[in-house]
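Visitor: Residues per chain, in single letters:
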Amino acid sequence: MRDTLRFVLGDELVEIASCDPTLTVLDWLRLDRRMTGSKEGCAEGDCGACTVVIGRLDHGALRYEAINACIRFLPTLDGCHLLTVEHLKGADGALHPVQQAMVDCHGSQCGFCTPGIVMSLFALWLNEDAPSVSRIEDALAGNLCRCTGYEPIVAAAQQMYRLGSRDGFATRRISIQAQLQALTDAETLSLGGPEGKFIAPASIETLADLVIAHPRATLVAGATDVGLWVTKGMRRLDPVIFLGRVQALRLTEDRGDHLRIGAMATHADVRPALAALSPQLDELMRRFGGEQVRNAGTIGGNIANGSPIGDLPPVLIALGAKLVLRRGNEERRISLESFFIDYRKQDRREGEFVDAVIVPKPEPDALLHVSKISKRFDEDISAVCGAFLLRLGEDGRIAEARVAYGGMAGIPKRAAVAEAALIGRMWDEAAVDAAIAALPADFTPLSDMRASAGYRLSVAGNLLRRFLIETTQPCVETRIAGLLAEASHG
Amino acid sequence: MADARKRLEPQSATGTVGSARIHDSAARHVAGEAVYIDDIAAPEGLLHACLGLSDIAHGRLVSLDLDAVRAAPGVVAVLTAADIPGANDISSTHRHDEPVFATQTILHHRQPLFAVVAMTREAARRAAALAKGVYDEAAPVIDVASARAAGGALVTDPLKLERGDVAAGLAASPRRLTGSMTIGGQEHFYLESQIALAIPGEEEDMHVFSSTQHPSEVQHMVAQVLGVGSHAVTVEVRRMGGGFGGKETQSNLFACVAALAARKLKRPVKLRPDRDDDMAITGKRHDFICDYEIGFDDEGRIHAVDAVYAARCGWNADLSGPVTDRALFHMDNCYFYPAVRGRSEPLLTNTVSNTAFRGFGGPQGMVGAERFIEEVAFATGLDPLEVRKRNLYGGNSAGEGIGRDLTPYHQTVEDNIAGEVIARLERSCDYRERQAAIREANAESPIVKRGIALTPVKFGISFTATWYNQAGALVHVYTDGTVMLNHGGTEMGQGLYVKVAQVVAQAFGIGLEQVKITATTTGKVPNTSATAASSGSDLNGMAALDACETIKARLVAFAAAKWNVLPADIAFLPGRVRVGAEEIGFRELVGAAYMGRVQLSATGFYATPKIHWDRKAGRGHPFYYFAYGAAAAEVAIDTLTGEYRVERVDILHDCGQSLNPAIDKGQIEGGFVQGMGWLTTEELVWDEKGRLRTHAPSTYKIPVASDRPRIFNVALLEDAPNREPTIHRSKAVGEPPLMLAISVLHALSDAVASVGGHKVCPRLDTPATPERVLAAVERVRAEAGL
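Sequences listed follow chains A and B, in order.
Position in the first sequence (from 1) plus 399 gives the number in our numbering.
Position in the second sequence (from 1) plus 181 gives the number in our numbering.
The hints are simulated quantities; they were obtained by calculation from the structure and are not laboratory data.
You may find that some hints are simply not true.
Claimed, not checked - For lysine-lysine, the following DSS-like pairs were computed, each having C-alpha atoms within a straight-line distance of at most 30 Å:
no.: 1; chain 1: B; residue 1: Lys791; chain 2: B; residue 2: Lys733
no.: 2; chain 1: B; residue 1: Lys870; chain 2: A; residue 2: Lys744
no.: 3; chain 1: B; residue 1: Lys341; chain 2: B; residue 2: Lys570
no.: 4; chain 1: B; residue 1: Lys313; chain 2: A; residue 2: Lys631
no.: 5; chain 1: B; residue 1: Lys705; chain 2: B; residue 2: Lys445
no.: 6; chain 1: B; residue 1: Lys697; chain 2: A; residue 2: Lys631
no.: 7; chain 1: A; residue 1: Lys744; chain 2: A; residue 2: Lys760
no.: 8; chain 1: B; residue 1: Lys313; chain 2: B; residue 2: Lys445
no.: 9; chain 1: A; residue 1: Lys631; chain 2: B; residue 2: Lys445
no.: 10; chain 1: B; residue 1: Lys697; chain 2: B; residue 2: Lys733
no.: 11; chain 1: A; residue 1: Lys744; chain 2: A; residue 2: Lys631
no.: 12; chain 1: B; residue 1: Lys445; chain 2: A; residue 2: Lys488
no.: 13; chain 1: B; residue 1: Lys570; chain 2: B; residue 2: Lys940
no.: 14; chain 1: B; residue 1: Lys733; chain 2: B; residue 2: Lys705
no.: 15; chain 1: B; residue 1: Lys313; chain 2: B; residue 2: Lys870
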């Protein structure tokens, strides 16, 4: 047991013996440390004004990524390297190439989003050389700017590489890695604060014991949703059990006919493995939140959270994914669709936690389709998310149909009536018409601020049309934006 | 004493007008070193306030139990209307319709009822949630339709603009049509939320740091609420993290509550609402319903327009009067209506009090105008751009009575360049070729359809509240030749400070680095106008120049006397001053002038000439000049989902002789994208209880990087000095480019129209969300019988 939080802030080893479990990184920086460069724009991980970069050891290797400081709890930084906009200038006071490029390209106007933009670009700078414009846009999807229209910021992201290729961080990488390795231990971090307790085990066995011992604990993974319970809901969470130090939970394994994705794998972590299954799945993962959310949010969290509009469950359901739940040493496997019982109600028993998701790879001749429809193309929550898997028999008739939607009901759900309407038919317009006619029997969607019920139902049907066209008329242009549009434009 | 004059090497002019200087704060922005109000080091004893808000949108507050709030940990005080020493009134129009705290009548959801002051912001927020209000709830009036149904109560006097006999004009028109358009509102989403920090001084003094576009009004409101003279209140703002009109009047509440608490507790108090509270409390861009009747002929010429612009104004007047007026002032855009009547309907609703937002009603007026054009185009089967051209304001009216150059408010358009701007852009962006190519490609593409549109902008520059068109500045020259500049304009990111500094540097022939730009404060320049109406550099640039000229005149008189030359033989050159046949450094001249006991400090003042406006008569010359521009947008839509993408935008915009082309380009690009957001993905949704459902960026979607046009060509109109003698013949640029985004709406409409063979008018309302686009696709397809 260790009762002191340890991480590196810039060059400084920080050790904190008392800390509330849900103190945000941003509040700590601004209020406790008086480092006011990082800004609060929304306190919900959407605007990116608070973006900082954290370095962490990922199976031994040092990895830097941009995250939202406003919804990240400080104790979750145990063993990490935290860099803020205040750390970028050189020792001589010279602006970092990222900063200089932003100045040269007139990339700031009011300047309030700028520190966050600089840090998102800094993470890009650290990790990638010569990114494409669309990759730059992805890296900035979690940063809102209301003044510039982004044009000069994207220009700066290209310009920064022309201003030098190395900085002080590159040369310090080895020493930082060693420093973080020295902070890595197998002890459970148990940190107390006036408002509650933060417990972060380092092994899955300890985690399993703790979840049983603290049945009322809040399990925290990336905190991209739980963070809002605190910043918006003003909830006190006590105790908090943080899953992020359990390396075993972060593994994504390719096991031949299926993927086994650890619950703590982030969206960024799993994207390559899912992308290998389908370019449409790649695109879905690209559009997941903003970069900061993709770096923090986890697959397990996205599922366990039970959101009716979580982006991954529909496609995982269509693929026939199974959930591995663990309680102590016992493992329970259920189909993902049966995990979702009702609005925000899941089949997770006391003492259980989500261990992993088993994702069967679609057979080579299976037809798979994934579409996410939202008001804004990037960094938005789906109005409707559709994921379909069809297997055609030798006679060309539909032998198996898995039609799943998000946004159409209180839970991500399969369209059983529509599926039945498809089975046995040739995969053609008549089949689509039959499935569309069946959808109202499957769903009575809600009208809300994202979309009306009517639109949801129309689009849910039209996605099946899109699926048909894409599988039978590949020359027809069906996608206007994102990776799939880029691919079809060549 | 030796003659200080000597031959100096000519220096290149630095920091002068017309050069693309970077924003004065850029290096601090990128380093996180630019100080916003929340970044100011906490004064000793700082407390934090949080507003307690109403749970209902309309009704009576029967009782408010604040015991639990008072008892909450960390709470120092709870303040209600009873604690206000002055007036419980922050109505900017002096209509007494905007209390700081509601006492009995609740007029909108999340209306402030009280404030709690605590040791920390978190403690204050937690405590505020513990209030128990008992309400007698009434049905809320939420939007234009329900306001009309409830009797159509207005927040302020409506306006009517009329020229010619519209009834006769309509009757005589070969063809007529009527229609209606819904035009959505918009949340400002300044990245820095509202904030104020009040520090009490001795006696009644109060120093307020306020993120505001209008420090003088904040000063007056704080004085009014505290019951003290304006001279006791100083309001200061170095920079805002964005304003866009949202901090013109909406900052008053936060400043007044912070000051009230600071006064009561004799301690500094900061009030920074959470983003969701900010969005739920503060006003937004007005949404409108525009009902119109148009008379026209088969050649696409408009004969008469009769339109009513009805706006959801919210629970008090605020700026709704001038906003709805400006909508009518722009119901013509660039087009001449031989007979016209425009009426405004500023409706009272139980929603946030809608307020200033970049364009100030003008964009909504103009969106209506472009709908009129589109209707005529589809009715006649003519190309919309052709219809636009045929209806442009004409040349002058010499000898022909009323010509084609008179606006609905009887101001003659004297500087019309819309036709020229359109023609240049049409050529430079290959509009016709691309339009043909798009039509051809659409025929081969069953799902994805493309559209293109070119729309012009003519935007009137000046506050229509004529008295606002004044500004003051204060310039100090120190004996080392450095200059301190202060003026009444505020910096919200638009680059006003650097532009005015360029004017001052040029006036003295010194480098920009020799000019120190200082925070706007009511203590230095009094009785200022809001930094709004795009007027910042027009007004403050002139006022600062006036101050410089005063000092220069003193220096000239001094030098003429000292070195016995004629004043006409003295000239300020880059880095030096020519005095007769010799030259002297600016610093040396200033030093000598100080020794000669010459005052080196001056105030400057400017009042815009030529303008007047008689609102009752609906006649006058409210605008000093017009700013023009045009944009061509190309989009792709997905006819299965309504999703779309802006593929290319070409802009030609008129900044007159730009003071700073880099800053101006930033305003054009940023304004365009903001306008595009307004017309596309930014949707405000209220539920039937009058609760705003889109109160955070998770649900309210402003453009992100990937939404900006794939190809984005922006050019400033060259060789186009302002015909009026504005500051260095430049033109205002803050608002006009926002309306260039109307081209995106019409490109979407063009793409939608393609599914009906361009025979059915899509009548795409705004915001044109994917849902609206899909609905339009389905309707057009159905009406076209396809």
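Visitor: For every hint, state whether the structure bears it out.
Guide: Hint by hint, here is what the structure shows:
1. Under the criterion of a C-alpha separation no larger than 30 Å, the hint pairing lysine 791 of chain B with lysine 733 of chain B is consistent with the structure, at around 27 Å.
2. Only pairs whose Cα atoms come within 30 Å are accepted, and lysine 870 of chain B paired with lysine 744 of chain A is accepted, the gap being roughly 27 Å.
3. At most 30 Å may separate the alpha-carbon atoms for a hinted pair to count; lysine 341 of chain B and lysine 570 of chain B meet this at roughly 27 Å.
4. Restraint check for lysine 313 of chain B and lysine 631 of chain A: the C-alpha separation of about 19 Å stays at or below 30 Å, so the hint holds.
5. With a C-alpha separation of about 27 Å, the suggested pair lysine 705 of chain B and lysine 445 of chain B falls inside the 30 Å cut-off, and the hint holds.
6. Our distance criterion of 30 Å between C-alpha atoms is broken by lysine 697 of chain B and lysine 631 of chain A, whose separation comes to about 41 Å.
7. Distance hint between lysine 744 of chain A and lysine 760 of chain A is fulfilled; the C-alpha atoms sit about 28 Å from each other, no more than 30 Å.
8. Of the supplied pair hints, the one linking lysine 313 of chain B and lysine 445 of chain B holds, its CA atoms being roughly 24 Å apart against a limit of 30 Å.
9. A C-alpha spacing of about 29 Å is found between lysine 631 of chain A and lysine 445 of chain B, which places the hinted pair at or below 30 Å, so the restraint holds.
10. Restraint check: the Cα-Cα separation between lysine 697 of chain B and lysine 733 of chain B comes to about 18 Å, which is no more than 30 Å; the hinted pair holds.
11. Proximity of lysine 744 of chain A to lysine 631 of chain A is assessed by CA-CA distance (about 21 Å); at most 30 Å being required, the pair is judged to hold.
12. Taking the CA atoms of lysine 445 of chain B and lysine 488 of chain A, the gap is about 43 Å. The hint is violated against a cut of 30 Å.
13. For the hint pairing lysine 570 of chain B with lysine 940 of chain B, the CA-to-CA distance comes to about 20 Å; that is within 30 Å, so the pair holds.
14. Annotation: proposed proximity of lysine 733 of chain B to lysine 705 of chain B holds, straight-line Cα distance about 21 Å (limit 30 Å).
15. At most 30 Å may separate the alpha-carbon atoms for a hinted pair to count; lysine 313 of chain B and lysine 870 of chain B meet this at roughly 19 Å.
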